[in-house]
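*Asks:* Could you build all of it, start to finish, from the sequences and the hints given here?
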Amino acid sequence: YVHGNLDAISKYNDEYSMLGGSGILKREYALQYELNNKSNYEIVVVNPSDEVRKITCKVVDSDNILINQEIIKVKPRGAGIFPVSFEYQKSARIIITSRLVMARPLVFRTNDNFFDVFHG
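According to the working numbering, the stretch in the sequence shown is residues 1031 to 1150, in order.
Hints are computed from structural coordinates only; laboratory data are not their basis. A quick note: this is a predicted structure, and the numbers were derived from the prediction, not measured. Not one of these hints is a red herring.
Restraint ranges, calculated between C-beta atoms of paired labels, are given here: (1) 1092 to 1147: 21 to 31 angstroms; (2) 1143 to 1040: 32 to 42 angstroms; (3) 1048 to 1094: 25 to 35 angstroms; (4) 1060 to 1146: 13 to 23 angstroms; (5) 1091 to 1148: 16 to 26 angstroms; (6) 1146 to 1086: 20 to 30 angstroms; (7) 1060 to 1145: 17 to 27 angstroms; (8) 1043 to 1066: 40 to 50 angstroms; (9) 1095 to 1043: 47 to 57 angstroms; (10) 1146 to 1120: 19 to 29 angstroms.
All C-beta atoms, glycine included, are put in the ideal place defined by N, C-alpha and C.
*Replies:* Dropping the structure here:
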């Protein structure tokens, strides 16, 4: 179970609507977690809007040097997944850029012995 700011859906008179949204400005969301080289990660971002949204996921090292960047398009009310296979010696951070009001991701962390699920 993961609580948090994953976008909710409301139902009224047999119609569904998303409670999250997006705006005209691009925003950066820095994951509040430092990735380490002992695990692999999947970063999941939900698109609560009614339009296709382009989402950028950057992996930067502790010196803010870009390690990797991936851009995906996420369908309305859909989810995009950014796999991060950790091959770096240093720790790293994730920065998500989009027009979503709050692109707070769900994070799946795995290694040989365990897994963990949390929000960023």
